[in-house]
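Could you build the full structure based on these sequences and the hints that come with them?
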Amino acid sequence: MRSLIAAELLKLRSTRSAWIPLAAALAAAVLAVIANTSAAGHGSNPPLSPAALPGLLRASGGQLVDGAVLLAWIVLSAGEFRHRTSVTTFLGQPRRLRVVSAKLAAAALTGVAVGLLAEALSAATSAAVLSAHHVPFHWAQPGMAGAVLAVPLLAALYGVLGAGLGLLLRNTAAALGLALMWAFVVEGILPVLIHAPGMIRWLPEATANAVLHGASATATTLPAAAALAILTGYAVVLATGGAIVTTRREIGTTTG
Amino acid sequence: MTTIAVEALTKRYRAVTAVDDLTFQLAPGRITGFLGPNGAGKSTTIRVLLGLARPTSGRATINGRPYSELRDPLRQVGALLDPNVFHPGRSGRTALRIAARPARIPGQRVEEVLELTGLASAAHRRVGGYSLGMRQRLALATALLGDPQVLVLDEPASGLDPEGVAWLRGLLRRFADEGRTVFVSSHLLAELAQTADDVVIIDQGRLVAAGPMAGLLERRQASSLEDLFLGATSPAQSAHPALTRPGSLS
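Line by line, the protein sequences give chains C and W. Just add 4 to the spot in the first sequence (first one is 1) and you have my numbering. Just add 341 to the spot in the second sequence (first one is 1) and you have my numbering.
These are computed hints drawn from the structure, not numbers from a lab. Model, not experiment: these values are computed from the prediction. Possibly wrong hints are sitting among the right ones.
[As the list claims (entries may be wrong)] Derived coverage of chain W by chain C (criterion: at least 3 residues anywhere in the stretch with Cβ under 8 angstroms from a Cβ of chain C; other residues may be distant):
| # | stretch |
| --- | --- |
| 1 | 386 to 399 |
| 2 | 428 to 439 |
| 3 | 561 to 569 |
[What the hints assert, rightly or not] Not everything, but these chain W residues come out facing chain C in the computed CB check (under 10 angstroms):
| # | residue |
| --- | --- |
| 4 | Pro414 |
| 5 | Val418 |
| 6 | Leu422 |
| 7 | Asp423 |
| 8 | Asn425 |
| 9 | Ala444 |
| 10 | Arg445 |
| 11 | Ala480 |
| 12 | Arg547 |
| 13 | Gly552 |
| 14 | Gly556 |
Built from N, CA and C at the ideal position, the CB exists for glycine as well.
This is how it looks when you write it as structure tokens:
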């Protein structure tokens, strides 16, 4: 299994359309810290203080990192069928469930690694900015452990969501289109369309936000633990669907 | 001893029967040409043999096992199905390193097959910039990675220049002379006539002739492989039950 995961990670490193979004998300994590600290003390924003650190980590490792990991693994998983590299992949390991497991594990590992890296970059930038403003930097802040755990955990789940969706649809454009439509359109209008405004808290983006911000239960937000369970459920459903389709369908070539 | 065995293999796609009760066996140390008109079921048979498609009934095995049950399949079977199975954004070397990783094939072997297939100087370039012939060589390099005992090649000469075709001919002969099994599907009859020891000819998914090429030419009073092929696959011949018998080349 380790060699299969290594092969999947090599595919990630050698696919520009997969790693460029990840690199961009890491750069955005640094910019988010700079933007948030620049706004501190202006208008209704509280002034810079050591207590701002957990919030800075959450802000930098939020939706951009999750979105980039999701996108990368959609491109990698669906791309296997678009470029027919699936033929070589399944000749090398014909037990397809092992390949699927390796992809899901590599996707989760990518999420953890990118999430932790985003946090490390944010923490380093925060330390530099706080120091420049003569604000002491202390790790031990309320909510710090939750922030440190939530960012890589969410990114790992989004990696699994992306790999599962790519394997399920086998079409890069369709999978990317569906993910973007869901994030920017469907999740916003679905509760309105079906006259159930309370359902929004059960949808993927809302559950991810609840986990990231360690929310307590409200009309539009689930408690963090329940939200994490729901989001994990979405990841399991997509991963299982992707595994079923991959093990059952035949692998084609151009020669027919 | 049989290395590849196809037994009563049938593959249907809804109403279309691509392979129909096909039976043949191949022995090691021989090059076997797999012939048939377009749509005869050659590629489907090969895809079933390599575990990429499921048979409707019957079975296809390599060394007594279905491909999906082989341990370390890349070290037992080298397969070339299509030159267009590489990510265009990756270099040739990276494509091979990715293929080698699951079988724990070392990087040194990647360099060896790049050298062997004449791609060493282009290994750092992206596959998207390769010609068809170069992609075909890369596909061959992938097939050779595990130094396998069995080679299954679908149209391996496609896109190769005359020098490449001659190189391929020599490579396949060396493989067979070392006691390995070479199974080659091709439309290039003149080329196969120079290369193959045995032939399996199918038409409309059914076996129409199988055996050592010299014996078949003599028995069918054919002057060339092309004569033999056209005779075996003409409508009158393929409907003749006497010509349709299970083939054993062992």
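Against the structure, test the hints numbered earlier, and report the numbers of the ones violated in rising order.
-> As far as the earlier hints go, 3, 12, 13 and 14 are violated by this structure, in ascending order.
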